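For the protein sequence lines, the chains are A and B, in the order given. All residue numbers for the first sequence refer to the numbering used here, where the first residue is 1 and numbers rise by one. All residue numbers for the second sequence refer to the numbering used here, where the first residue is 1 and numbers rise by one.
The set of hints was computed from the structure by calculation and includes no laboratory data. Just so you know, these numbers come straight off a predicted model, no measurement behind them. Note that the Cβ used here is the ideal one computed from N, Cα and C, for glycine as well. Relax, there's no trap hidden among the hints.
Dumping the calculated PhoX-like pairs for lysine-lysine here, alpha-carbon to alpha-carbon at most 25 Å: (1) Lys-299(B) to Lys-151(A); (2) Lys-151(A) to Lys-328(B); (3) Lys-220(B) to Lys-290(B); (4) Lys-332(B) to Lys-229(B); (5) Lys-182(A) to Lys-129(A); (6) Lys-332(B) to Lys-299(B).
Pair by pair, the computed Cβ-Cβ distance ranges are: (7) His-65(A) to Thr-296(B): 35 to 43 Å; (8) His-277(B) to Lys-14(A): 33 to 41 Å; (9) Ser-298(B) to Ala-190(A): 31 to 39 Å; (10) Gly-6(A) to Lys-332(B): 46 to 54 Å; (11) Arg-75(B) to Asp-116(A): 27 to 35 Å.
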Amino acid sequence: MLEIRGLFAAIEDKPILQGIDLTVPQGEVHAIMGPNGSGKSTLAYVLSGREDYAVTAGSATFDGHDLLTMEPEARAATGLFLAFQYPVELPGVGNANFLRTALNAQRRSRGDSELDAVQFLKVARAETKRLAMPEDMLRRNVNVGFSGGEKKRNEVLQMAILRPRLAILDETDSGLDIDALKIVADGVNALRGPDFSALIITHYQRLLDHIVPDHVHVLAGGRIVRSGGPELAHELEAKGYAGMIAEAA
Amino acid sequence: MDAVFDSVSVATTFRQTLKKAGVIFCPISEAVRDHPDLVQQYLGSVVPISDNFFAALNSAVFTDGSFCYVPRGVRCPMELSTYFRINARSTGQFERTLIIADAGSHVSYLEGCTAPMRDENQLHAAVVELIAHEDARIKYSTVQNWYPGDAEGRGGIYNFVTKRGACRGARSKISWTQVETGSAITWKYPSCVLEGDDSVGEFYSVAVTNNHQQADTGTKMMHIGKRTKSTIVSKGISAGKSNNTYRGLVRVLPRASGARNYTQCDSLLIGDACGAHTVPYIESRNPTAKVEHEATTSKIADDQLFYCRQRGLSEEDAVNLIVNGFCKDVLKELPMEFAVEAQKLLAVSLEGSVG
Numbered sequence: 001m002l003e004i005r006g007l008f009a010a011i012e013d014k015p016i017l018q019g020i021d022l023t024v025p026q027g028e029v030h031a032i033m034g035p036n037g038s039g040k041s042t043l044a045y046v047l048s049g050r051e052d053y054a055v056t057a058g059s060a061t062f063d064g065h066d067l068l069t070m071e072p073e074a075r076a077a078t079g080l081f082l083a084f085q086y087p088v089e090l091p092g093v094g095n096a097n098f099l100r101t102a103l104n105a106q107r108r109s110r111g112d113s114e115l116d117a118v119q120f121l122k123v124a125r126a127e128t129k130r131l132a133m134p135e136d137m138l139r140r141n142v143n144v145g146f147s148g149g150e151k152k153r154n155e156v157l158q159m160a161i162l163r164p165r166l167a168i169l170d171e172t173d174s175g176l177d178i179d180a181l182k183i184v185a186d187g188v189n190a191l192r193g194p195d196f197s198a199l200i201i202t203h204y205q206r207l208l209d210h211i212v213p214d215h216v217h218v219l220a221g222g223r224i225v226r227s228g229g230p231e232l233a234h235e236l237e238a239k240g241y242a243g244m245i246a247e248a249a
Numbered sequence: 001m002d003a004v005f006d007s008v009s010v011a012t013t014f015r016q017t018l019k020k021a022g023v024i025f026c027p028i029s030e031a032v033r034d035h036p037d038l039v040q041q042y043l044g045s046v047v048p049i050s051d052n053f054f055a056a057l058n059s060a061v062f063t064d065g066s067f068c069y070v071p072r073g074v075r076c077p078m079e080l081s082t083y084f085r086i087n088a089r090s091t092g093q094f095e096r097t098l099i100i101a102d103a104g105s106h107v108s109y110l111e112g113c114t115a116p117m118r119d120e121n122q123l124h125a126a127v128v129e130l131i132a133h134e135d136a137r138i139k140y141s142t143v144q145n146w147y148p149g150d151a152e153g154r155g156g157i158y159n160f161v162t163k164r165g166a167c168r169g170a171r172s173k174i175s176w177t178q179v180e181t182g183s184a185i186t187w188k189y190p191s192c193v194l195e196g197d198d199s200v201g202e203f204y205s206v207a208v209t210n211n212h213q214q215a216d217t218g219t220k221m222m223h224i225g226k227r228t229k230s231t232i233v234s235k236g237i238s239a240g241k242s243n244n245t246y247r248g249l250v251r252v253l254p255r256a257s258g259a260r261n262y263t264q265c266d267s268l269l270i271g272d273a274c275g276a277h278t279v280p281y282i283e284s285r286n287p288t289a290k291v292e293h294e295a296t297t298s299k300i301a302d303d304q305l306f307y308c309r310q311r312g313l314s315e316e317d318a319v320n321l322i323v324n325g326f327c328k329d330v331l332k333e334l335p336m337e338f339a340v341e342a343q344k345l346l347a348v349s350l351e352g353s354v355g
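Next comes chain A alone, as it looks inside the complex (with noise of 0.2 Å):
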């Protein structure tokens, strides 16, 4: 479960986020939406501990474990995926080499037993498969060369493969076309069970037709303005933002 209190943040003594109360329940997928300069990324960021933004109060945990105080590395072996709006480029780096690298540092950091290459590569074959993805996106170099689509599918192989328990997708869905939604989408809803929980930030309604939210989040000026069912995304979408912000208002 992940428990947001009462969370500030800043960047460059920028005040974005305003005191965020949110709980996610294990199990249950949030959605959270909001104009352009909402701070939905700024809450990605610092759910996964990017250094420049700075908590200036409240707490954030997630099964208990006080993630403002845990390095990126520790949050993401206790299960936090942020599945990035804007995926990094690395040279010369092999997609597979990469994950699995990264997949067994988790399971070293959490007493698990590590994964030979050969054990991973069915693995990460199988997952491949299933996410009707080319089998050469393991081959190549993490993201370089990669369409703005692949990207984003990528990050969902990744995620896929490493199994996270609190995925956040920073506007996966932005600059997607319908059958690139629909393979994220089935990415997300392959995941979702009982210990398997979701934050899906996202401008658009369009999205949340394919992976329904069990509760959608209005995100302005810094903090949580309406909470509802996944019929709010469709009042928001007749309504637009202002409209809806100025009712909260």
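Following the hints, put chain B in place on chain A, whose structure we already have.
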């Protein structure tokens, strides 16, 4: 395997297998005695004694080193390797290596270097000469891990080495691959003299410097024969307060019609107190020659580190992964077991360079 401790060759193994194939591989001190004709014909023919100060010093005082002769048409049945170590205090190492690949032969030679920690500086002034005749191929790989001095720059090896290969025959090929992680100061330019028509020279280099190390390394490609080709791939990684320089010369002589060179120099900076420098010289005296030079300088970006750490890698593992990716084009040129060794060495050399 030949081992040279303090310039004295202590063991040459597998000599019998090699002997069957007709390959001579022995300490150069023995070669002087047993194969004087070969030594006299070739020694100093690529690096003359007057070449430079350190080559002159080596030529005057060298006592041992490795000698290899691969006869016509023979593919050397194994990778030959020599391991160098400086044990004695306040001493220099002046070994001499001479490799001759006769027409149509192939040989791959590996060289590894280590030295224990000493407070004072030590000099390593080796000379390596390679000769490739018609259609012969020599692949020469080095993993250099001489003691680099401590974190404050005390002690360490001065690595002033002259390495040069002559592609004497048509279609011959000499390929240098080096991974340079050690030494306080390295000055080293493994070069190819491309005399034979259609001969090929290659230089693949990874140089890592940390703390107060200085590496000034590169190559010279002398295009003399027609349609001679050379490829230079240099990867420099600087961390700490170190300086890392690529210095290279591509010279195309008037007779070398259709000569081709491709050079790629990439520098990676870790931290903000180190330096990377690229000094490429290009001299072309033939209008049909094509010479290309590409260079990049980059830093390990914070977003790359964060991306890796979000996936579960420690900061140090993330740096190693990124550095190994950066060096991949060179590391893949190394023989398999050496490549694994080199990766570990890169990790050790950069220990503590981040955070």
